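Numbering (the UniProt record's numbering), first residue to last: 1 to 851.
Just so you know, these hints were derived from the structure itself, not from any lab. Treat the hints with caution; some may be incorrect.
Computed beta-carbon distance windows for the label pairs [unchecked claim]:
id, residue 1, residue 2, range
1, Ser78, Gln480, 47 to 57 Å
2, Ser568, Gln590, 20 to 30 Å
3, Ser363, Glu592, 44 to 54 Å
4, Glu68, Thr359, 15 to 25 Å
5, Asp194, Asp46, 26 to 36 Å
6, Glu756, Pro348, 48 to 58 Å
7, Asp578, Asn255, 30 to 40 Å
Predicted model, so just to flag it, every value in this text is computed and none were measured. Ideal placement from N, C-alpha and C gives every residue a C-beta, glycine not left out.
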Amino acid sequence: MENHLIECNKFINLQDEEAGKITKHFKQIYKFVTDSMAQKDNVFKDIFQREQLAGSYADNIKVGQPDEYDALVVLKFSDPVVEKSLKAGFVKINITNGLKKFAHYKPFVDGNGYLLQDKVLAWIRAMIYDVIKTCKNIIKIERNEYEVEKATSNGPAITLDIKIIRSENGATGKFSIDFVSALAFDFKEQFFADFKPQFLVSKYWNAIAKPNKDKQLNNPDWICSYADLEREYLKDTQNMKQLIRLFKKIRDKENLANFKSYYIKLIFLHQRRNKEKQNNYWKQSLSVLFLEMFDIILDHLKRCELVSFWHKKYNLFSGLNQKQIEDIYNKLKKIRDKIHTNMDNGKPEFIRSVILTPTELESLPPKVAVSRANNSHENTICKPTFLLPLNKTTTKEQFVLKIHKQRSKMSDFDSKYQIIDSVTPINVALSGRYKKSFGYYTIRERLPVILTQIQDYLSKEKDTIANGNEQTKNDIKTIQAKLSKLKYELQTDKVMDKFDGVDTDRLQWNEFLSTLNDDNNSYFKTTWLFAECYMYRKLKSFFEDSQTLKDFDYFRHQKTKALTSSFSSMSLVIKHVDDFQSKEIKTQEQLEEFFTRLLKLNLWGNRCDLSISAGREVKQIGNPFLQIDSLNSFVLVDRCKDIWNCVSAGRNNKTIDFILDNAGYELFTDLVLARFLLDNQFTTKIRFHIKAIPWFISDVNVFDFNWTIKTMSEYEDVHLSSFGGKLQEYSNCGKIELLKDEYFWTGPYEFYRMKEIDANLYDALSTADLLIFKGDLNYRKLLGDFNWPFDSTFETVLRGFRPTNLCALRTVKADIVCEVDISLTNELSKNDPMWMETGQYGVINFISKAT
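Make a model of the complete structure from these sequences and hints.
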């Protein structure tokens, strides 16, 4: 790996000559702006102390060419007295004594003489804007000319976006300057940090005018910055700086904007201090340090803790919510796992695809370039190639162990709650009790994030939801408290308590809960399916028990966005369908081919699952029809031919049922398939089974279904509006029927128990000619959330559940599957150990009605 990391350096390190040219222009504009401010304002002229370069460029850890500069505008007020703020990492500056001498300080202080950072920031901002306005956005300095394309303000910075129009040194392009208001203090005289570096020679630390998120007015709290001291602390550690650049490059490539550059630098500063007595630590190879630092970064993210280098009570991750930290952790952990896997498989060159963009990869010499087609890290779909020898003797336990060998080590939590450091054994139920399982990860990591997101949403939208109703505000407050309690119980493996009330499904849930024994009745110990379904049902009960929010769908805002963000792709799909339907004569072969394409379009629509993405936006982009053929090799089980034979055999009075999964784009693909079946007389009735309550974030309920059809019929695009109108016609005449209030779908039971638990539903399904089960949760219930051998037959895993002909369309997002040859799963694990958790692969299973 060492040589590959070194090879990546040319895309990361600054090119001194070019960097110098751009930096010269930055310095000229920097001086021009501060000089102009001094000419315009005598107060500024009096207190302006100096210009000071800060940020990545000053630290020499900038990635690539300099295109942005941090420019401190350092001010000095007379006789400042610095005091510790109640907020960790902040100080207050009292200039009462200076105010006695300089009355012009008065606009910047409060009644107690404290310097208000928001007043200073607003003053500096107004002056900079005035300078740009005066020169009409064109700055001319000697034989150089620049255009200020934009001037904006964000946080502590006033940003100027600069375009070089004419340059005497030949430089071209654009760059930006962030002007930041700061005060400077001698750290040997006034210093309030918990760590005082006696060995450093740098003189100053800074107090920065950084506004709070709520943009508090009359704010006396200035955030402490120790850029000069940190810069000196980075000296003589070339490997350390190079590693910081590498991780910043990965951050930029993965668009992890919330993982700030300073966070990366801070993690390395902590490691520098931790290894202070190990003189040769930073002289180790880049590859050794890279892998070690990757694990350290993940550890900080997992603990949601990044303590300031200077203030031990200041956690910098407090500026991020849990979802943001979760997003960063999941992306980086997936990358880390793939690096280790490729190293194990003798492919150290994979590291290039982690660091470099596709364009940069293509610019490498042919002998070392990494094929994009085999780059499993890229977020594109490409045909998998199985180059390694098959090993049909590999057991499922060995295979799954290989998949999860990079899972984190046993923690105090695991010991406390008796988590088993193992994969899920063969022929037992999936459960969070097994450390190396996706069930454990879901209960430990994903579900708490989902609850937190609901809390964040309710807090943010409280006034909108309440619409002036005080009782609704009280209801939200009560629900928030219940959410916190539920999250605590989930994270501490508490017993799943029974529901209050006598609603039919609550009684059914309570009857089920009473059957669980003491070793099987808490979140991590029970079957994963039960625990996850229970959480969503418990969540709904909080709203049902309120006075004003009984019918409120707390996931609706996410589901509606999932549809509208995919409109352009949906229109392209409908155009393909309309073109096919416009043919006057369609042969049986043409109908079969198009049906198969629609079936696979429907399969891949199942990727758009908000519960798997923990609520993050998912949408379909591009033309899905053009992607279908390229995805065929990702279909691990393909029973399209059997389904076609079932559908096309005898068209008289046929009924087909969809057991739906996700709203949004996936529901759209369900409706496309349904309309095709009706338009071509393969069926006379389509019945849609939906969820009775908000479920797994994105599952379809009655509102989602009706809203989707109505929204499409009213949309400006002619293809979508016509499609929606036709669906409405079918619904009005009874050819499309919506079946609601079927609580079995949101209960805890596996489908093989349906005949016993809900005989009426089982009998109703038996009247259909084909059942189409959609998605991962329905698939898990079909298999009973049971760890069958991967090559088990569909008939075996259904355990007698065969009310009629049935098929399952599912992208793989949980670690169970059937009818897949073990040799194939073995090869998949070698290419991507986490392949069962990504939704990248799909299965289309089918079984005919028992005779």
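Each hint, compared with the structure:
1. Ser78 to Gln480: 47 to 57 Å: Taking Cβ atoms as reference, Ser78 and Gln480 lie about 48 Å apart, which means the hint holds.
2. Ser568 to Gln590: 20 to 30 Å: Check passed, 27 Å falls within 20 to 30 Å.
3. Ser363 to Glu592: 44 to 54 Å: Holds: the Cβ-Cβ distance is about 45 Å, inside 44 to 54 Å.
4. Glu68 to Thr359: 15 to 25 Å: This hint holds: roughly 21 Å between Cβ atoms.
5. Asp194 to Asp46: 26 to 36 Å: 34 Å, holds
6. Glu756 to Pro348: 48 to 58 Å: Given range 48 to 58 Å: holds, Cβ gap about 55 Å.
7. Asp578 to Asn255: 30 to 40 Å: Holds - the Cβ-Cβ distance for Asp578 and Asn255, about 36 Å, lies within 30 to 40 Å.
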